[in-house]
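Engineer: Sequence:
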Amino acid sequence: MNSRLKRCCADRLSGLPDELVCHILSSLPTKDAAVLSLSLRKMRRAFTQMTTLDFDDSPISHCARKHPRLIERFQFFKMFVNSVLLASQSPHLSRFRLKFGGDWRITLLHFNQPSSICGIGCFPDLESTQLNEWIGFPLSRSGVREIDICIHVRKPEKLPSALFACESLHVLKIDTNLDFELVSSMTSFRLPNLRVLELRLILIPEDDFVNRLLSNCPVLEDLCLDCWWKYGNSVTILSPSLKKLAIYLNRRDEFSDFISIDTPNLRYLKYTDLAAVRYSVASMKALVKASLHVWDYLDSYEAGFDSMLCLVKAVSNVKHLSLMCSGVDALNYGELKNHLPVFHNLTSLKLGHSNDYTKWNPLLLELLKCCPLLQTLEFPRGLILNPVPEPSSDECEIEVVESERVFFRTNQGTPCCKSSLKKIFIKNYWGSIRELELVRFLLKIASVLEELLIVCVDTVEKSSLETTLMHLPRASSNCSIIIKVARPRGLYSHQDCLN
26 MNSRLKRCCA
36 DRLSGLPDEL
46 VCHILSSLPT
56 KDAAVLSLSL
66 RKMRRAFTQM
76 TTLDFDDSPI
86 SHCARKHPRL
96 IERFQFFKMF
106 VNSVLLASQS
116 PHLSRFRLKF
126 GGDWRITLLH
136 FNQPSSICGI
146 GCFPDLESTQ
156 LNEWIGFPLS
166 RSGVREIDIC
176 IHVRKPEKLP
186 SALFACESLH
196 VLKIDTNLDF
206 ELVSSMTSFR
216 LPNLRVLELR
226 LILIPEDDFV
236 NRLLSNCPVL
246 EDLCLDCWWK
256 YGNSVTILSP
266 SLKKLAIYLN
276 RRDEFSDFIS
286 IDTPNLRYLK
296 YTDLAAVRYS
306 VASMKALVKA
316 SLHVWDYLDS
326 YEAGFDSMLC
336 LVKAVSNVKH
346 LSLMCSGVDA
356 LNYGELKNHL
366 PVFHNLTSLK
376 LGHSNDYTKW
386 NPLLLELLKC
396 CPLLQTLEFP
406 RGLILNPVPE
416 PSSDECEIEV
426 VESERVFFRT
436 NQGTPCCKSS
446 LKKIFIKNYW
456 GSIRELELVR
466 FLLKIASVLE
476 ELLIVCVDTV
486 EKSSLETTLM
496 HLPRASSNCS
506 IIIKVARPRG
516 LYSHQDCLN
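All residue numbers for the sequence shown refer to the numbering used here, where the first residue is 26 and numbers rise by one.
Keep in mind that the hints are not guaranteed to be accurate.
[Unchecked claim] Straight-line Cα separation of at most 20 Å, EDC-like style, residue types lysine to aspartate or glutamate; simulated pairs:
1. Lys-362 to Asp-331
2. Lys-452 to Glu-486
3. Lys-469 to Glu-491
4. Lys-198 to Glu-171
5. Lys-255 to Asp-232
6. Lys-269 to Asp-200
7. Lys-255 to Glu-171
8. Lys-314 to Glu-246
9. Lys-268 to Glu-246
10. Lys-469 to Glu-486
11. Lys-180 to Asp-247
12. Lys-310 to Glu-223
13. Lys-375 to Glu-391
14. Lys-255 to Asp-204
15. Lys-338 to Glu-391
16. Lys-124 to Glu-97
17. Lys-443 to Glu-403
18. Lys-447 to Glu-403
19. Lys-384 to Glu-462
20. Lys-124 to Asp-200
21. Lys-384 to Glu-360
22. Lys-269 to Asp-282
23. Lys-268 to Asp-282
24. Lys-384 to Asp-331
25. Lys-198 to Glu-182
26. Lys-448 to Glu-476
27. Lys-310 to Asp-282
28. Lys-448 to Glu-427
29. Lys-183 to Glu-246
30. Lys-295 to Glu-360
31. Lys-269 to Glu-171
32. Lys-452 to Glu-476
33. Lys-269 to Asp-247
34. Lys-124 to Glu-158
35. Lys-314 to Asp-282
36. Lys-183 to Asp-247
FYI, nobody ran anything at the bench for these hints, they're computed from the structure.
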């Protein structure tokens with residue numbers, strides 16, 4: 026930029042009202058606002074009056090092992106934060122965001138302890154007094170509406186409980202490996218205006234913590250819990266105001282004895298967990314979208330079937346439903362006929378299983394019978410998990426293949442297949458006999474199908490698959506078959522379910 030253009034920009038900025046200049050700076054990441062403020066005295070004055078502070082150390086301290094030199098620069102980040110907080114003169118603060126130390130990631134649900142992609146030694150070292158000063162800064166200003174902190178340190182201290190006693194807060198997001206003991210031991214919380222709450226914590230020590238917290242959040246609408254629970258034997262989510270709920274329950278003990286959800290005005294639900302022994306889920310008539318990613322490791326097939334059936338019945342009003350993981354397998358272990366609810370509003374259904382011995386019969390047909398308005402059917406994880414050499418010598422595999430073949434060649438369609446099912450999407454197609462039989466069945470029963478989209482793995486010869494599928498009989502003369510090639514995703518982890 027030449028000197029003439031610089032003077033022109035400076036002249037324009039100098040003519041703006043102080044309030045507008047402050048607003049411009051507040052809309053930027055704080056490090057960018059600091060750079061901009063160096064160009065003009067008026068900007069420097071406005072910088073000290075900013076009502077939004079956004080500190081992000083990326084990628085300085087994301088991983089000491091991968092970036093040993095970058096983590097040394099954390100000292101400069103610390104100096105920058107201290108200087109900005111010291112210079113701040115505004116008595117009012119609307120938003121405060123502080124992110125450093127990378128992201129904590131829980132790897133697999135069935136592990137009995139949390140783990141991280143990075144070791145604890147990869148995180149930056151910060152004194153507890155310094156950390157408390159940073160976290161406490163927004164609480165020392167009036168009117169703060171949003172606090173968003175993502176903090177992971179080498180030597181975790183206790184998270185200040187004052188964060189849960191800020192009456193002006195509308196949004197609170199916490200992603201941390203700090204100890205939660207002070208917060209969980211609070212006898213009362215003061216969050217009367219809180220509408221959005223996200224907690225991604227290393228450990229919740231008390232089962233009743235969430236229920237106590239929600240009882241003090243009368244207008245909360247959006248709740249995300251991605252936490253490890255010390256016990257998790259009995260978890261209750263009770264809130265008449267909630268509209269969006271995402272729960273990722275991870276426990277050191279394998280199973281929950283009891284999970285209760287009472288959220289009558291909920292519109293969106295994402296639930297990821299090991300199947301509980303018993304559920305109590307109140308009616309959710311306002312629910313529009315639900316994702317159930319449940320692993321069934323209960324002692325008996327009957328227990329897994331009963332648990333999954335309870336969850337499925339609770340979400341029968343949805344328009345969009347996703348059923349994933351071994352919870353889908355569990356539904357095959359019981360008598361589905363006359364037990365499934367009718368999904369009167371369902372237009373989109375996603376199905377995914379967790380092992381190669383899952384039978385799509387009679388599960389698929391029974392589900393389709395209960396979805397009279399279904400328009401889109403998706404298999405985002407594919408129809409099988411991994412390819413099996415054909416012919417297979419595995420007795421279980423042979424039994425599954427034969428039962429599916431007989432079933433799919435002798436059964437007829439359902440109401441939705443004759444009047445509403447217009448799109449089918451299958452991912453991770455391996456080209457096996459099992460997959461071909463299911464595709465043959467779907468093409469045979471879907472009378473108004475407009476599109477069959479198959480994404481096959483790169484080991485499948487596209488032209489050969491196209492030839493095979495084009496010769497299959499179709500109930501719909503308007504159906505187009507689209508084949509794309511992609512690499513297989515392989516075995517999925519808990520993190521896949523979080524995405």
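Engineer: Which hint numbers does the structure go against, in order from smallest to largest?
Structural biologist: Numbers 7, 10, 11, 12, 22, 23, 27, 28, 29, 30, 35, 36 - these are the hints that the structure violates, sorted from lowest upward.
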